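Trainee: What follows is each chain in one-letter form.
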Amino acid sequence: MLPLRLQTIRWVVLFLLLSLTAQAQRIPSARRQRRLQAIEADSLIDTRRGPYTLVVTAGGGLSYYSTHLGVPQTIDEPHLSRFGTPSSLRVMWYPDHRLRVGLETGWTTMYSYRGKVAGDNTHVYVSAVPILVVFSMPLGWLTGTDRSVARRMAITAGTGLYVNHSRLDYQGTVMSNTNSLGWMAAASYTYPIGRRFRIAGELKWFDAVAVENAAFTAELQLVWRAFSW
Amino acid sequence: MATIQHLYTSRTLFRRLGWSALLIGLTQSGIAQSRAVWPLQPGIYFPQAPLPGTWRKSVGVVFTTTPPELTEEIRVSVPAIDFNVQRGLSKNFFLTGRFQTQFVQSNIGLGFRWVKPFTNRLFMSAGYDITGWLGALQIKDVFSSQAFGVETFPNVSVGYKLTRDLRFTFRTEAIIDLYYRSQVGNLAVEYNRRAVNGVAFTFMLEQPFYHQRHVSVGIRGAYSNFNWQLWSLFDTFDRNLFYPQLIFGFIL
Amino acid sequence: MKPIIYSLLALLLLVSLSCRKTYEAPVPYDFTNLPGSGQFGTAVRSVTEGVYTVSNGASEFGDQVALKWTYLHNGADTSYYLSVFTGKDAAYFNLEGTPQTDSLVLGGYWRKLVNDQIGLVQLTLRVKHQGKLQLYKGKLASGDTMVIDGLYGDKNSSLSHPITFTYNRPLNPRPFSIMAHRSGGRTSDLLPASENSVEIIKLASRLGATGIEVDVRYTKDGVPILYHDNTLNLRLIQKNGLTGPVENYTYQQLSTFVRLINGEKIPTLEEAMETVVNNTALNFVWLDTKYIGPMDKVQAIQQKYRQKALQMGRDLRIIIGLPSTEAVDSYKALANKENTPILCELDTALTRSLGARIWAPRWTLGPQTAEVQAMKADGLTVFVWTLDEPEFIREFIGQNQFDGILSNYSPVVAFYHYTEQP
Numbered sequence: 001m002l003p004l005r006l007q008t009i010r011w012v013v014l015f016l017l018l019s020l021t022a023q024a025q026r027i028p029s030a031r032r033q034r035r036l037q038a039i040e041a042d043s044l045i046d047t048r049r050g051p052y053t054l055v056v057t058a059g060g061g062l063s064y065y066s067t068h069l070g071v072p073q074t075i076d077e078p079h080l081s082r083f084g085t086p087s088s089l090r091v092m093w094y095p096d097h098r099l100r101v102g103l104e105t106g107w108t109t110m111y112s113y114r115g116k117v118a119g120d121n122t123h124v125y126v127s128a129v130p131i132l133v134v135f136s137m138p139l140g141w142l143t144g145t146d147r148s149v150a151r152r153m154a155i156t157a158g159t160g161l162y163v164n165h166s167r168l169d170y171q172g173t174v175m176s177n178t179n180s181l182g183w184m185a186a187a188s189y190t191y192p193i194g195r196r197f198r199i200a201g202e203l204k205w206f207d208a209v210a211v212e213n214a215a216f217t218a219e220l221q222l223v224w225r226a227f228s229w
Numbered sequence: 230m231a232t233i234q235h236l237y238t239s240r241t242l243f244r245r246l247g248w249s250a251l252l253i254g255l256t257q258s259g260i261a262q263s264r265a266v267w268p269l270q271p272g273i274y275f276p277q278a279p280l281p282g283t284w285r286k287s288v289g290v291v292f293t294t295t296p297p298e299l300t301e302e303i304r305v306s307v308p309a310i311d312f313n314v315q316r317g318l319s320k321n322f323f324l325t326g327r328f329q330t331q332f333v334q335s336n337i338g339l340g341f342r343w344v345k346p347f348t349n350r351l352f353m354s355a356g357y358d359i360t361g362w363l364g365a366l367q368i369k370d371v372f373s374s375q376a377f378g379v380e381t382f383p384n385v386s387v388g389y390k391l392t393r394d395l396r397f398t399f400r401t402e403a404i405i406d407l408y409y410r411s412q413v414g415n416l417a418v419e420y421n422r423r424a425v426n427g428v429a430f431t432f433m434l435e436q437p438f439y440h441q442r443h444v445s446v447g448i449r450g451a452y453s454n455f456n457w458q459l460w461s462l463f464d465t466f467d468r469n470l471f472y473p474q475l476i477f478g479f480i481l
Numbered sequence: 482m483k484p485i486i487y488s489l490l491a492l493l494l495l496v497s498l499s500c501r502k503t504y505e506a507p508v509p510y511d512f513t514n515l516p517g518s519g520q521f522g523t524a525v526r527s528v529t530e531g532v533y534t535v536s537n538g539a540s541e542f543g544d545q546v547a548l549k550w551t552y553l554h555n556g557a558d559t560s561y562y563l564s565v566f567t568g569k570d571a572a573y574f575n576l577e578g579t580p581q582t583d584s585l586v587l588g589g590y591w592r593k594l595v596n597d598q599i600g601l602v603q604l605t606l607r608v609k610h611q612g613k614l615q616l617y618k619g620k621l622a623s624g625d626t627m628v629i630d631g632l633y634g635d636k637n638s639s640l641s642h643p644i645t646f647t648y649n650r651p652l653n654p655r656p657f658s659i660m661a662h663r664s665g666g667r668t669s670d671l672l673p674a675s676e677n678s679v680e681i682i683k684l685a686s687r688l689g690a691t692g693i694e695v696d697v698r699y700t701k702d703g704v705p706i707l708y709h710d711n712t713l714n715l716r717l718i719q720k721n722g723l724t725g726p727v728e729n730y731t732y733q734q735l736s737t738f739v740r741l742i743n744g745e746k747i748p749t750l751e752e753a754m755e756t757v758v759n760n761t762a763l764n765f766v767w768l769d770t771k772y773i774g775p776m777d778k779v780q781a782i783q784q785k786y787r788q789k790a791l792q793m794g795r796d797l798r799i800i801i802g803l804p805s806t807e808a809v810d811s812y813k814a815l816a817n818k819e820n821t822p823i824l825c826e827l828d829t830a831l832t833r834s835l836g837a838r839i840w841a842p843r844w845t846l847g848p849q850t851a852e853v854q855a856m857k858a859d860g861l862t863v864f865v866w867t868l869d870e871p872e873f874i875r876e877f878i879g880q881n882q883f884d885g886i887l888s889n890y891s892p893v894v895a896f897y898h899y900t901e902q903p
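Residue numbers (the working numbering), protein chains in the order written: chain A, 1 to 229; chain B, 230 to 481; chain C, 482 to 903.
Quick caveat, the hints were computed from the structure, so don't treat them as lab data.
One or more hints might be untrue.
Said to hold, decoys possible - Label-pair restraints from in silico Cβ distances:
(1) B:Pro281 with A:Arg195: 32 to 38 Å
(2) A:Thr85 with B:Val290: 31 to 37 Å
(3) A:Met175 with C:Asn743: 24 to 30 Å
(4) B:Lys345 with C:Gly879: 51 to 57 Å
(5) C:Asn537 with B:Phe312: 51 to 57 Å
(6) C:Ser540 with B:Ile359: 27 to 33 Å
Said to hold, decoys possible - Listed below are the simulated EDC-like cross-link pairs for lysine to aspartate or glutamate, each with C-alpha atoms no more than 16 Å apart in a straight line:
(7) C:Lys785 with C:Glu755
(8) C:Lys502 with C:Asp597
(9) C:Lys701 with A:Asp169
(10) C:Lys502 with B:Asp370
(11) C:Lys569 with B:Glu302
To be verified - Among chain B residues calculated to face chain A with C-beta under 7 Å, some are:
(12) Arg285
(13) Thr294
(14) Thr300
(15) Glu301
(16) Arg304
(17) His440
Computed from a predicted model, the values in this text were never measured in an experiment.
Glycine included, every Cβ here is placed at the ideal spot set by N, Cα and C.
Given only the sequences and the hints, what does the whole structure look like? Please build it.
Mentor: Set out below in structure tokens:
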């Protein structure tokens with residue numbers, strides 16, 4: 001499990017650094033000059049702020065359970081499934097700088113298995129509802145235009161609670177929940193389709209640490225810039 | 230060393246590529262520095278001294294996740310209020326102060342940093358902090374206990390201005406115990422030994438958040454066999470346990 | 482220069498992201514569990530028990546140790562084990578007699594509970610007779626001194642380091658209850674058996690315990706079982722996908738799907754008590770009430786095994802622990818509770834009002850000298866729980882006012898108790 005996590009983190013960090021390298025070599029456009037001045041707060045007194053926006057993102061896709069499975073040895077003829085169809089909902093505050101903050105929830109299948117015990121059918125299904133505080137940053141901010149790839153790409157990371165759900169079907173049905181601390185990391189590409197709407201593709205890693213459930217998800221998302229002030 | 234061995238013995242081409250690409254990426258990122266002088270921005274973790282005679286302050290929160298070896302099935306992220314204050318003494322030397330509290334237990338630290346700028350984007354600092362912590366619990370039928378201790382943290386920070394608005398800091402600290410005393414009722418235990426207790430790594434981003442308000446957002450992973458916030462559990466393990474922390478602070 | 486800095490930074494980042502280290506301490510020795518005592522008959526076992534001074538090996542295990550024999554019944558057979566309790570890093574030795582004919586040799590392993598250090602050990606019984614060291618053949622003349630020496634290894638090496646114990650004095654004879662928490666010790670201490678398992682009950686005596694505390698819960702279908710935590714979680718069980726309170730599942734479901742961290746089944750309380758009565762020499766069982774609800778099934782089991790132990794000629798005390806007001810209410814609701822011994826963890830007034838014979842406050846309240854003396858003056862037994870910090874164990878035993886200590890580190894309690902000099 002750990003090598004796979006490291007691999008994911010490694011590529012995300014590489015991606016960020018290469019993008020920032022490219023950014024650093026560009027001359028800031030005139031459109032970004034004011035924002036640049038605004039961040040240089042030590043040398044400039046600027047009482048004006050940029051627009052704040054509330055952004056709602058909803059999406060769904062495919063997930064793959066990416067850590068070790070635990071199937072009891074008492075189960076005969078076990079059949080496993082690591083795939084699921086996750087959905088997510090995120091509400092973010094976009095202030096007038098690069099860093100964004102918000103809340104994410106959703107639902108994702110972790111894994112399931114079925115088999116037999118002394119001739120009786122059994123089925124175990126594991127899923128999770130994340131409730132996370134997330135931070136997000138576009139790779140490009142001070143430079144480039146809305147069309148530049150770096151400005152459309154963002155990395156997101158968060159931490160919080162996973163409500164882990166299990167359903168057991170064997171000599172009756174038992175549905176139970178356990179909370180677990182955990183984290184997530186994601187990379188996304190957002191494409192504008194209107195003044196207030198975007199679509200986005202996001203690759204995401206969910207990790208509910210205490211229950212050792214982790215899933216890699218790929219989602220298609222609708223991004224709605226709901227409210228600005 | 231284990232990591233280096235792992236790097237060269239990995240059987241997976243993809244994994245090898247990942248390592249190599251990351252190193253190349255980091256290198257390239259450094260080469261792409263501009264020659265312009267970049268403005269001084271508010272920061273608490275970035276290894277750049279405040280202007281001589283000026284203060285830097287921050288207030289925030291640190292969430293520490295408890296290790297299962299100590300809190301067992303109750304795995305929570307415990308918040309602590311976190312104040313930082315720094316004062317520039319010269320262009321490359323400044324003092325630091327930090328106060329963390331959870332009301333029933335608190336930690337106060339003092340230290341200094343000596344800064345070495347390498348380029349207009351790359352900075353390093355070496356520092357030394359000494360902290361004192363104190364906790365007391367009086368709960369009917371549960372606790373009549375208090376404890377305090379002193380720890381010290383020699384540290385090195387590397388800071389890199391990724392862009393004009395975004396600064397990355399990596400800090401590594403040794404955690405050294407100097408003194409520990411705990412008391413239950415009228416019985417006390419005292420340890421007066423200097424022992425390396427563990428090590429901690431911090432990854433911090435500092436940047437403007439909204440309007441002119443700057444923030445520090447990052448994570449710190451401590452591998453240590455004692456953590457002052459969990460003194461009341463009277464940890465007996467001689468093992469380095471993992472204490473991940475989420476750090477968020479508003480720079481005032 | 483720059484590439485070196487960045488490469489170093491990247492390596493540091495990746496090393497630090499390696500996150501939580503997994504600790505393990507697999508036992509390197511296979512016990513033969515041979516029935517009978519072999520050459521280690523009653524007389525030999527008797528003369529080898531005691532407090533010994535450590536010469537070789539003192540830096541690893543401290544300057545004195547306590548040696549004590551225990552046994553395990555298996556049907557008509559009995560296996561004997563020698564334990565060594567040390568005052569350093571909660572280390573203990575678990576040894577058995579080996580079937581060598583020319584000398585009295587013990588084989589086994591040592592372990593430090595505070596970390597994951599473990600290794601093999603082999604010791605030979607010798608005697609210092611008129612200043613000369615010779616093999617011990619079962620007879621000890623006046624003026625002779627028992628010397629037990631040999632070699633120990635560590636995780637990565639076979640037997641390579643010398644170790645020598647020289648007899649100093651007998652074990653402290655004062656009656657004292659050394660109670661092992663969670664049937665023997667915590668899973669997080671990397672013991673060879675899981676907490677609250679049948680296997681760790683069989684190990685408890687070798688860890689120094691004279692009694693055990695077990696955590697009792699009910700399954701959905703009302704079977705009393707041993708389980709500590711509120712939920713199924715990976716601290717205690719192997720991964721199987723199931724979550725939530727253990728009370729949500731029937732015994733059959735748990736028995737089929739759940740295995741404790743070392744592969745054992747969750748035992749029923751009856752299985753645990755059968756093990757205590759039939760296999761061990763333990764003299765005290767503390768049934769900790771982790772459930773909320775009727776106590777009658779636990780009361781019935783308590784009475785059944787008390788009678789069974791009496792029929793076997795054993796004075797086994799089985800008491801029900803009341804850690805909360807809910808448990809007190811459950812106890813008050815029992816019929817015929819007069820003959821049900823209880824232990825109260827709450828305040829002294831409530832303990833007295835319930836007629837409990839044992840008061841057990843938390844150790845974090847301190848020695849509470851006045852309260853303890855008052856309770857003892859009223860004829861109550863006083864224990865303290867759950868005390869693991871070795872220095873505080875030493876201080877509490879030195880206070881000499883408690884009748885017993887509940888601990889995850891029963892080897893440490895055993896060491897400080899047996900080496901205490903009146």
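Trainee: For every hint, state whether the structure bears it out.
Mentor: Results of checking the hints against the structure:
no.	hint	in the structure
1	B:Pro281 with A:Arg195: 32 to 38 Å	violated, 49 Å
2	A:Thr85 with B:Val290: 31 to 37 Å	holds, 36 Å
3	A:Met175 with C:Asn743: 24 to 30 Å	holds, 28 Å
4	B:Lys345 with C:Gly879: 51 to 57 Å	holds, 54 Å
5	C:Asn537 with B:Phe312: 51 to 57 Å	holds, 53 Å
6	C:Ser540 with B:Ile359: 27 to 33 Å	holds, 31 Å
7	C:Lys785 with C:Glu755	holds, 10 Å
8	C:Lys502 with C:Asp597	holds, 12 Å
9	C:Lys701 with A:Asp169	holds, 15 Å
10	C:Lys502 with B:Asp370	violated, 35 Å
11	C:Lys569 with B:Glu302	violated, 29 Å
12	Arg285	violated, 11 Å
13	Thr294	holds, 6 Å
14	Thr300	violated, 11 Å
15	Glu301	violated, 11 Å
16	Arg304	holds, 5 Å
17	His440	holds, 4 Å
In this structure, the hints that do not hold are numbers 1, 10, 11, 12, 14 and 15, in rising order.
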